[in-house]
Amino acid sequence: MEKSAEELYNERLLRLKMAFNLQEPDRVPMFIAADSWVAHYSGFTIQDIAYDYNKLFTAHEKVIQDFDCDCVWSAAGIWPAAVFDAVGGTQFMSMAASASPETPYQFPDVSHMEAEEYPELIADPYAFIIEKILPRRCSELAEPFPRNALALAKGALAFGQYLDRLGAAYQRWVQVYGVPILIGGLAPAPFDILADHFRGIRETLIDIKRRPEQVKAACEAILPLAVRFATTSYGGPSRGFSPVFIPSDTAMFLRPVDFEQFFWPTLRGLVEALAEMGLNSYLFVEGNWDPYVEYLAELPKGKVLVHLENTDIERAKVAVGKTVCLAGNVPCSLLGYGTEDEVIAYAKNLIDKVAPGGGFILSSDKILITPTDAKPKNLLALTKFVKEYGVYKK
Amino acid sequence: MEIQELSRGIVDLDEAKAVQIINEFLASGPSDTDINQAIKACQEGMSEVGKRFESGEYFIAELVFAAEILKGIMELVRPRIGSSGVPTIGRIVLGTAKGDIHDIGKNIVRDMLEATGFEVYDVGVDVPYERFVDKVREVHPEIVGISGLLTFTIESMKGTVDAIKSAGLRDNLNIIIGGTPVTKAIATYVGADAFTTSAAGGVEICKKMVRA
Amino acid sequence: MTEKKLYIPWAEKKKGLGHIVGEEKIAKAWDRNENLFFYYIMWLGTF
Numbered sequence: 001m002e003k004s005a006e007e008l009y010n011e012r013l014l015r016l017k018m019a020f021n022l023q024e025p026d027r028v029p030m031f032i033a034a035d036s037w038v039a040h041y042s043g044f045t046i047q048d049i050a051y052d053y054n055k056l057f058t059a060h061e062k063v064i065q066d067f068d069c070d071c072v073w074s075a076a077g078i079w080p081a082a083v084f085d086a087v088g089g090t091q092f093m094s095m096a097a098s099a100s101p102e103t104p105y106q107f108p109d110v111s112h113m114e115a116e117e118y119p120e121l122i123a124d125p126y127a128f129i130i131e132k133i134l135p136r137r138c139s140e141l142a143e144p145f146p147r148n149a150l151a152l153a154k155g156a157l158a159f160g161q162y163l164d165r166l167g168a169a170y171q172r173w174v175q176v177y178g179v180p181i182l183i184g185g186l187a188p189a190p191f192d193i194l195a196d197h198f199r200g201i202r203e204t205l206i207d208i209k210r211r212p213e214q215v216k217a218a219c220e221a222i223l224p225l226a227v228r229f230a231t232t233s234y235g236g237p238s239r240g241f242s243p244v245f246i247p248s249d250t251a252m253f254l255r256p257v258d259f260e261q262f263f264w265p266t267l268r269g270l271v272e273a274l275a276e277m278g279l280n281s282y283l284f285v286e287g288n289w290d291p292y293v294e295y296l297a298e299l300p301k302g303k304v305l306v307h308l309e310n311t312d313i314e315r316a317k318v319a320v321g322k323t324v325c326l327a328g329n330v331p332c333s334l335l336g337y338g339t340e341d342e343v344i345a346y347a348k349n350l351i352d353k354v355a356p357g358g359g360f361i362l363s364s365d366k367i368l369i370t371p372t373d374a375k376p377k378n379l380l381a382l383t384k385f386v387k388e389y390g391v392y393k394k
Numbered sequence: 001m002e003i004q005e006l007s008r009g010i011v012d013l014d015e016a017k018a019v020q021i022i023n024e025f026l027a028s029g030p031s032d033t034d035i036n037q038a039i040k041a042c043q044e045g046m047s048e049v050g051k052r053f054e055s056g057e058y059f060i061a062e063l064v065f066a067a068e069i070l071k072g073i074m075e076l077v078r079p080r081i082g083s084s085g086v087p088t089i090g091r092i093v094l095g096t097a098k099g100d101i102h103d104i105g106k107n108i109v110r111d112m113l114e115a116t117g118f119e120v121y122d123v124g125v126d127v128p129y130e131r132f133v134d135k136v137r138e139v140h141p142e143i144v145g146i147s148g149l150l151t152f153t154i155e156s157m158k159g160t161v162d163a164i165k166s167a168g169l170r171d172n173l174n175i176i177i178g179g180t181p182v183t184k185a186i187a188t189y190v191g192a193d194a195f196t197t198s199a200a201g202g203v204e205i206c207k208k209m210v211r212a
Numbered sequence: 001m002t003e004k005k006l007y008i009p010w011a012e013k014k015k016g017l018g019h020i021v022g023e024e025k026i027a028k029a030w031d032r033n034e035n036l037f038f039y040y041i042m043w044l045g046t047f
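Protein chains in written order, with the numbering used here: chain A, 1 to 394; chain B, 1 to 212; chain C, 1 to 47.
Just so you know, the hints here were simulated from the structure itself, not pulled from any lab data.
Keep in mind that the hints are not guaranteed to be accurate.
[What the hints assert, rightly or not] Part of the chain C face toward chain A, derived, beta carbon under 10 angstroms: (1) 5; (2) 6; (3) 10; (4) 30; (5) 34; (6) 35; (7) 36; (8) 37; (9) 39; (10) 40; (11) 41; (12) 42; (13) 43; (14) 44; (15) 45; (16) 46.
[As the list claims (entries may be wrong)] With a Cα cut of at most 16 angstroms, we get these calculated EDC-like pairs of lysine to aspartate or glutamate: (17) C:4 / A:124; (18) A:209 / B:15; (19) A:375 / A:340.
[What the hints assert, rightly or not] Calculated from the model, a selection of chain A residues having no Cβ within reach of chain B, i.e. all distances over 10 angstroms: (20) 112; (21) 140; (22) 150; (23) 157; (24) 178; (25) 291; (26) 318; (27) 333.
C-beta atoms are modelled at their ideal positions from N, C-alpha and C, and glycine is treated no differently.
Excised from the complex, chain A in its bound form (with noise of 0.2 angstroms):
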């Protein structure tokens, strides 16, 4: 007899649960941690789902009736474009602006702070969000009044509305399909911040070495900042497990001197702090954080998700994994370029190496983002393999 979506929302939360509890469950669980890769598979362009969401939950939709994973990771994206139209653009490269149906976001490394604004950041960094980095990202906040103040106006409109949308769609996903929804909440680390978005990350890494002190100042500032993102934005249908999304990428520019002083401090606090409240995080760890892997056993236990990208898996699973659940790492390179049996032997090796005890979590390496990133044969392959072979005995 099938089984209804209700029995397959607790069945698939459960075994999520478990692997974050560090604990075994019934077998080792998947998501499929798709970006705008979802538009190519279903048939869409970038632009259709950037200002569609009929097309966009429908693409997703797709996605989760072909692949029948554990969970949805996230459908939130960095969607909508409407709200960057409103505005005038911010950081990412506007949909509109790409030449290519496939092209999605990217980040431009550019500094909307000159070194002399620490103090003022530092001061009131809210305020200073408001009055100097918007205007500086979003054309539009620029103007004079009262043409900035509609545009951010306009902005918050269709932001409400992307919000509503998308929240009706997660209810109606867990109603039919019986899939939880991994992603509740949203912050990046404090660091990031500080250089993706306000100083920029070869004027930040620079700042490390001329004004230190002005550095850690900042991350202590933007620190609280930090963690009333991750509560405003938190919601969706699986709360109280649901993880919050951290980026952590430029990490791996520092050496673990300077990782240990300038980086780690407010993203542990970050982590702390949203855990004291009853929340989880999940961290995305791009890059190679082999030097800084041991770090993570700091983290309080059974909180935590780590997504990890180049970072030697195994040699984590050894060093902390008694401490945060991991999830990776099949690289896109073998999803998007390799043959069927590579992928599965990658993930054979993997579940072998990484799964005993549990806490663990089968995915890419990567999110995916464009169609290069993962052929779908290969995906669904991977994701029939952990159903028969990712089983904990018992």
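The hints should help you fit chains B and C onto chain A, whose structure is shown.
Coordinates of chains B and C only, in the frame set by chain A:
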């Protein structure tokens, strides 16, 4: 001036020291030969920084800061460079492939290549095939370097190499691709002669390509 | 450290307003909107 001190200043990432030394040096009325020696000392310093990166002691942040120190020094020195200019070891056209706007890695490689003595023609990011081809036709480089960070950029890298072939410019040219997703298999697929996933490693390969 | 108080929770807003009928409902609605707007601003500032 102790040439080694300048080199040391860069290697140790001691900006204050390096700037002090170069200012004292310039105030002493150096000859063209002296200036070339100072530039050579800077190049040796950057080369050592590259080695420390390869050995895992320095990370990207150190490469960026070393390049920044060097940029500051060259800004002070450049007005005093004699008519013979600075000897170059080769020419390279460098850019990030079409559809990709990442430039941090490319810029680090550019700065290090310049510090090593290359003449670098940086054609920017999201570079259409034709811009690469036109630049190669214009400057006759020994090397073309194509950078990319995203998985789909591999297709653009291939397109760039194919365009260079179609233009009849592939012979006598060394093509190197760089960025985190590249592998030997991908280099073969793209039609490149070499690949690198590290800025400093890429510089070493380029030096070998021109036998420096 | 002076804050320009661009984020205004109800606890701040109500200062100097005296007695308010149905304050609990107002507080909830006010804070909900203030938090949603904060989310919007942070999102604009980082994405």
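Right, here's what the structure says about each hint:
1. 5: Holds. Min distance 8 angstroms.
2. 6: The hint holds - residue 6 of chain C has a Cβ within 10 angstroms of chain A, the shortest such distance being about 5 angstroms.
3. 10: 15 angstroms, violated
4. 30: At 14 angstroms from the nearest chain A Cβ, residue 30 of chain C fails the 10 angstroms test, so the hint is violated.
5. 34: Constraint on residue 34 of chain C satisfied, holds at 9 angstroms.
6. 35: 4 angstroms, holds
7. 36: 7 angstroms, holds
8. 37: Hint holds; residue 37 of chain C Cβ to chain A Cβ min 7 angstroms, cut 10 angstroms.
9. 39: 4 angstroms, holds
10. 40: With Cβ-Cβ at 5 angstroms, under 10 angstroms, it holds.
11. 41: With Cβ-Cβ at 6 angstroms, under 10 angstroms, it holds.
12. 42: 4 angstroms, holds
13. 43: 7 angstroms, holds
14. 44: 6 angstroms, holds
15. 45: OK, holds: residue 45 of chain C within 10 angstroms of chain A, min 4 angstroms.
16. 46: For residue 46 of chain C, the interface hint holds, since the closest Cβ of chain A sits about 5 angstroms away, which is under 10 angstroms.
17. C:4 / A:124: 7 angstroms, holds
18. A:209 / B:15: Cα-Cα ~9 angstroms, so holds.
19. A:375 / A:340: 9 angstroms, holds
20. 112: It holds; residue 112 of chain A is separated from chain B by about 16 angstroms at its closest Cβ, greater than 10 angstroms.
21. 140: The claim stands: residue 140 of chain A keeps its Cβ more than 10 angstroms from every Cβ of chain B (closest is about 22 angstroms).
22. 150: 30 angstroms, holds
23. 157: Check passes; 30 angstroms lies beyond 10 angstroms.
24. 178: 32 angstroms, holds
25. 291: Residue 291 of chain A not clear of chain B: closest Cβ-Cβ about 8 angstroms, inside 10 angstroms.
26. 318: 20 angstroms, holds
27. 333: 6 angstroms, violated
Hint check: violations occur at hints 3, 4, 25, 27; the rest are consistent with the structure.
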